[in-house]
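> One-letter residues, chain by chain:
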Amino acid sequence: MTYDVAIIGAGIVGAACADRLSAEGLSVCILDSRAEHAPATAAGMGHIVVMDDSEAQFALTSYSQQLWNELAVELPPEAEFENCGTLWIASDEEEMEEVDRKFWKYAEIGLASEILDERSLRSAEPNLKKGLSGALRVPGDSVVYQPVATNFLVNRAEAYGASVQRNASVSMVIDGLVETWTGERIEAEHIVVAAGCGSTLLPELARAVRPRKGHLVITERTSTAVNHQLVELGYLKSAHGTDEDSVAFNIQPRKTGQLLIGSSRQYGSNDPSVDFEIVGKMMKRALEYFPSAAGVNATRIWTGFRPATPDGLPYIGKVREYDHVFAATGHEGLGITTSLGTAALIADEILGRVSAIPREPYSPKRIDV
Amino acid sequence: MSENLKIKIDGAEHETAAGTIVASALLNAGITAFRTSVKGEPRVPLCGMGICFECRVTIDGVANVRSCLEPVCDGMEIETGG
Amino acid sequence: MADRRTEILVIGGGPAGLAAAEAASSHGKQVTVIDENPAFGGQIWRAEKSALSGKAKQLVDVLEKNGVEMIPSCTCVASLPDKRILAVSNGKSFPIAYDKVIIATGARERFIPVPGWTLPGVFGAGGLQALVKGGYDIGGKRIVVAGTGPLLLAVAAYLKKKGGNVLVIAEQASAKKLIKLGLASLRVPGKFAEAMKLRIATAGIRYSTGSVVTAAHGSNLLEAVAVKKNGRTSNIECDLLAVGYHLTGNTEVALLLDVFALEGTVIALEGQKAATAEDFLYEHEDIYCAGELAGIGGVEKSLLEGRRAGLAAAGVEGDARGFAAEEERLGRFASAMNRTFELDRDTLLEIMTDDTIVCRCEDVEFGKIKDCDNFIKAKLQTRIGMGSCQGRVCGSACEALFGWGTNSIRPPIVPLRVSELANFKTEKD
Numbered sequence: 001m002t003y004d005v006a007i008i009g010a011g012i013v014g015a016a017c018a019d020r021l022s023a024e025g026l027s028v029c030i031l032d033s034r035a036e037h038a039p040a041t042a043a044g045m046g047h048i049v050v051m052d053d054s055e056a057q058f059a060l061t062s063y064s065q066q067l068w069n070e071l072a073v074e075l076p077p078e079a080e081f082e083n084c085g086t087l088w089i090a091s092d093e094e095e096m097e098e099v100d101r102k103f104w105k106y107a108e109i110g111l112a113s114e115i116l117d118e119r120s121l122r123s124a125e126p127n128l129k130k131g132l133s134g135a136l137r138v139p140g141d142s143v144v145y146q147p148v149a150t151n152f153l154v155n156r157a158e159a160y161g162a163s164v165q166r167n168a169s170v171s172m173v174i175d176g177l178v179e180t181w182t183g184e185r186i187e188a189e190h191i192v193v194a195a196g197c198g199s200t201l202l203p204e205l206a207r208a209v210r211p212r213k214g215h216l217v218i219t220e221r222t223s224t225a226v227n228h229q230l231v232e233l234g235y236l237k238s239a240h241g242t243d244e245d246s247v248a249f250n251i252q253p254r255k256t257g258q259l260l261i262g263s264s265r266q267y268g269s270n271d272p273s274v275d276f277e278i279v280g281k282m283m284k285r286a287l288e289y290f291p292s293a294a295g296v297n298a299t300r301i302w303t304g305f306r307p308a309t310p311d312g313l314p315y316i317g318k319v320r321e322y323d324h325v326f327a328a329t330g331h332e333g334l335g336i337t338t339s340l341g342t343a344a345l346i347a348d349e350i351l352g353r354v355s356a357i358p359r360e361p362y363s364p365k366r367i368d369v
Numbered sequence: 001m002s003e004n005l006k007i008k009i010d011g012a013e014h015e016t017a018a019g020t021i022v023a024s025a026l027l028n029a030g031i032t033a034f035r036t037s038v039k040g041e042p043r044v045p046l047c048g049m050g051i052c053f054e055c056r057v058t059i060d061g062v063a064n065v066r067s068c069l070e071p072v073c074d075g076m077e078i079e080t081g082g
Numbered sequence: 001m002a003d004r005r006t007e008i009l010v011i012g013g014g015p016a017g018l019a020a021a022e023a024a025s026s027h028g029k030q031v032t033v034i035d036e037n038p039a040f041g042g043q044i045w046r047a048e049k050s051a052l053s054g055k056a057k058q059l060v061d062v063l064e065k066n067g068v069e070m071i072p073s074c075t076c077v078a079s080l081p082d083k084r085i086l087a088v089s090n091g092k093s094f095p096i097a098y099d100k101v102i103i104a105t106g107a108r109e110r111f112i113p114v115p116g117w118t119l120p121g122v123f124g125a126g127g128l129q130a131l132v133k134g135g136y137d138i139g140g141k142r143i144v145v146a147g148t149g150p151l152l153l154a155v156a157a158y159l160k161k162k163g164g165n166v167l168v169i170a171e172q173a174s175a176k177k178l179i180k181l182g183l184a185s186l187r188v189p190g191k192f193a194e195a196m197k198l199r200i201a202t203a204g205i206r207y208s209t210g211s212v213v214t215a216a217h218g219s220n221l222l223e224a225v226a227v228k229k230n231g232r233t234s235n236i237e238c239d240l241l242a243v244g245y246h247l248t249g250n251t252e253v254a255l256l257l258d259v260f261a262l263e264g265t266v267i268a269l270e271g272q273k274a275a276t277a278e279d280f281l282y283e284h285e286d287i288y289c290a291g292e293l294a295g296i297g298g299v300e301k302s303l304l305e306g307r308r309a310g311l312a313a314a315g316v317e318g319d320a321r322g323f324a325a326e327e328e329r330l331g332r333f334a335s336a337m338n339r340t341f342e343l344d345r346d347t348l349l350e351i352m353t354d355d356t357i358v359c360r361c362e363d364v365e366f367g368k369i370k371d372c373d374n375f376i377k378a379k380l381q382t383r384i385g386m387g388s389c390q391g392r393v394c395g396s397a398c399e400a401l402f403g404w405g406t407n408s409i410r411p412p413i414v415p416l417r418v419s420e421l422a423n424f425k426t427e428k429d
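Residue numbers (my numbering), protein chains in the order written: chain A, 1 to 369; chain B, 1 to 82; chain C, 1 to 429.
Careful, some of the hints might be misleading.
[Claimed, not checked] Straight-line alpha carbon distances no greater than 20 Å define the calculated PhoX-like cross-link-like pairs of lysine-lysine that follow:
{"hint": "1", "chain 1": "A", "residue 1": "K255", "chain 2": "B", "residue 2": "K8"}
{"hint": "2", "chain 1": "C", "residue 1": "K197", "chain 2": "C", "residue 2": "K228"}
{"hint": "3", "chain 1": "C", "residue 1": "K197", "chain 2": "C", "residue 2": "K160"}
{"hint": "4", "chain 1": "A", "residue 1": "K281", "chain 2": "C", "residue 2": "K425"}
{"hint": "5", "chain 1": "A", "residue 1": "K318", "chain 2": "A", "residue 2": "K129"}
{"hint": "6", "chain 1": "B", "residue 1": "K8", "chain 2": "C", "residue 2": "K176"}
{"hint": "7", "chain 1": "C", "residue 1": "K141", "chain 2": "C", "residue 2": "K161"}
{"hint": "8", "chain 1": "B", "residue 1": "K6", "chain 2": "C", "residue 2": "K49"}
{"hint": "9", "chain 1": "A", "residue 1": "K284", "chain 2": "A", "residue 2": "K129"}
{"hint": "10", "chain 1": "C", "residue 1": "K65", "chain 2": "C", "residue 2": "K55"}
{"hint": "11", "chain 1": "C", "residue 1": "K229", "chain 2": "A", "residue 2": "K255"}
{"hint": "12", "chain 1": "C", "residue 1": "K83", "chain 2": "C", "residue 2": "K368"}
{"hint": "13", "chain 1": "C", "residue 1": "K229", "chain 2": "C", "residue 2": "K176"}
{"hint": "14", "chain 1": "C", "residue 1": "K92", "chain 2": "A", "residue 2": "K281"}
{"hint": "15", "chain 1": "B", "residue 1": "K39", "chain 2": "C", "residue 2": "K368"}
{"hint": "16", "chain 1": "A", "residue 1": "K284", "chain 2": "C", "residue 2": "K92"}
{"hint": "17", "chain 1": "C", "residue 1": "K425", "chain 2": "A", "residue 2": "K284"}
[Unchecked claim] Which chain A residues stay away from chain B? Per the calculated CB distances, all over 12 Å, these:
{"hint": "18", "residue": "A107"}
{"hint": "19", "residue": "E187"}
{"hint": "20", "residue": "E220"}
It should be emphasised that the hints constitute simulated quantities derived from the structure, not laboratory data. Please read all numbers here as calculations on a predicted model, not as lab measurements. We treat Cβ as the ideally placed atom computed from N, Cα and C, and that holds for glycine.
Next comes chain A alone, as it looks inside the complex (with noise of 0.2 Å):
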């Protein structure tokens, strides 16, 4: 059979997809990889977040979060989704200004956000160290364990009639066909690639997506409060914006009393091991915002491979050189907040409708020829 949609990769992005345009009435096939897991999804963390880096940024991060928003009602128990808010902590008083910009920006398109000075952070926050200058709060985020949303959005999908086919390793995509290493042939009207930094069988895409290696610290359940997801705003200043190594204060409160210490950003590596390096500079940096975090035990250390572009927006929508291939990758930090903003821009592309965002900032046929 032909169907209307094949996608490429059942992470958050594929998922998301295939449960948007089964939902539409399109006949859709899944293809992954792997028996199981995607790989970049399993390893994030979770964190629903509006950010500001560009218009388009935050265009499609607040578009992405209201429909999370719709989604957190029919998710299981499981999925664990909180609404804990984002405090952005300012550590002097230039990131204090930082804060009062992006309050501003924020009230712009009506997103509610509050500052804290440091005693209303110190309230909010008891473990976080003295001294720090304050807070931008933006209740508005959330947190999930999106492992089991994605299971949610795959099952779903499933139930509105789409085929998944595990173990299916794509050795080629050309209009109307994918073909898999084990020479299978699936016939598709359109072609979505969803596969994080795999993705990168398009040559197209292969010229602009980079892995970027991150890891992640989960601790045991501790009595340790942490309310809010709480994010340093240095971030900004720190080298995450450039190709050095880096690393910054995150640290996510997970539902089961755990907490999940971030994080970390390095080009130019493909090993899976974990950098107890960069690990350690990680768990520095976050005892100088946290020091309670001390004496916490750490369970596992993960690491994972952040789809990421030039210039830090993804790829959405029709590739350059194909009539119906069409591309939902490079999301970088952001896979699973911009994971349904994502597919439904991808809906309405392929339906030829418009978007309630523009479409535009996010065309791969922007990529440098």
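Could you slot chains B and C onto chain A? The hints should help.
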């Protein structure tokens, strides 16, 4: 090795022979909840050899120590049930 | 300060590790042995009250004379680049650099969940023995010893000697299988005599073959154990249940070092060099495995393999040959033993109820995982294996119940304080 050591279990003083493993001392003291499980069940050691982590207690203020791998020391303070 | 450095690092100080260290150090190599326990000797030579047993002491004395560095209460928690491990002792972490590493981490009991097995009063068979050796007083307690494997007799004999009232040994293997094994043991000197000695030591205790524990009962403490034989279930009132289902290798360190493992056994080739995950057809240059994790087979096999790995790592290849006949005989007995104590999946599945806890760290029940297709999926969807033990208990249970491979281990393989991770520093020279 008949020398006896004084330890505190949940605040109460106990005497125990030198060389005794903390987990064994706790069982002798009648402790039936070394730790409380995620769903609230009391747990005691299963494996006795550092594998199962069921014997975790707080020893001298350090949480989540496997008590089956620690010999008792004089003056050791142990807290259970966490 | 430069990293700690050694020519040959031995991880695990049981019979295999000690024999390896002896062989290598006797040929002039600089050797370091680390062991997670406060005393060397491993599980089989565990002495009472944290002391050294006679057999362990004999070897440890030689090692001390040979200048071997011995670090007790020291765990390998991670693998580092450039042939180094991250070790932790008393809460402090430090790298150890090596030229060659011998992994001799031994075995643990395999646990099979049954309804009620999380009740206080239920222990592993070897588990209860270890706790009694650690000073747990079981005088007068009514005990059921159950499960499968040669360990049950030894445990029952020891518990009886320490004043325990052992009511029954419930062995799941059939009488027919056990007789076959008894005949096989005649071909290995000492094995048959050892078994006879244990049978005499357990005289008066009922040895019930073909018997499976199907539940542990009690409200807050164990009160009774249900044992099924020939389709009939009887409830035995008791204070303690000591239950273990033979052994499975401690493969975590090997997995960290990328050694290929299958069903609780690492794939080790000639001279016990380990095969790595990348290509398990080729032996790895610098990693050797010895003892129970290279296949359950008892102390003689461990000593032999340890010695052989120690010689091979020391580069004394000539001496490493000539073990073949002995190795083959022990290997044959090991296979016969492991076949005898194999578990029947259908019997085990029959015992499970949907609310039987499989993962004790995260309290994940059988009903939640039974429809998953593999361990990774179950892990991501239900949290099984995500607790502190990282699947050491539920992983081998899932292997027995579902045939799932569970080679998923993440560093640190033993929890480590965030402050220690933050202190990580290393100098490569």
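> Looking at the structure, which of the earlier hints fail to hold?
1, 2, 5, 6, 11, 12 and 20
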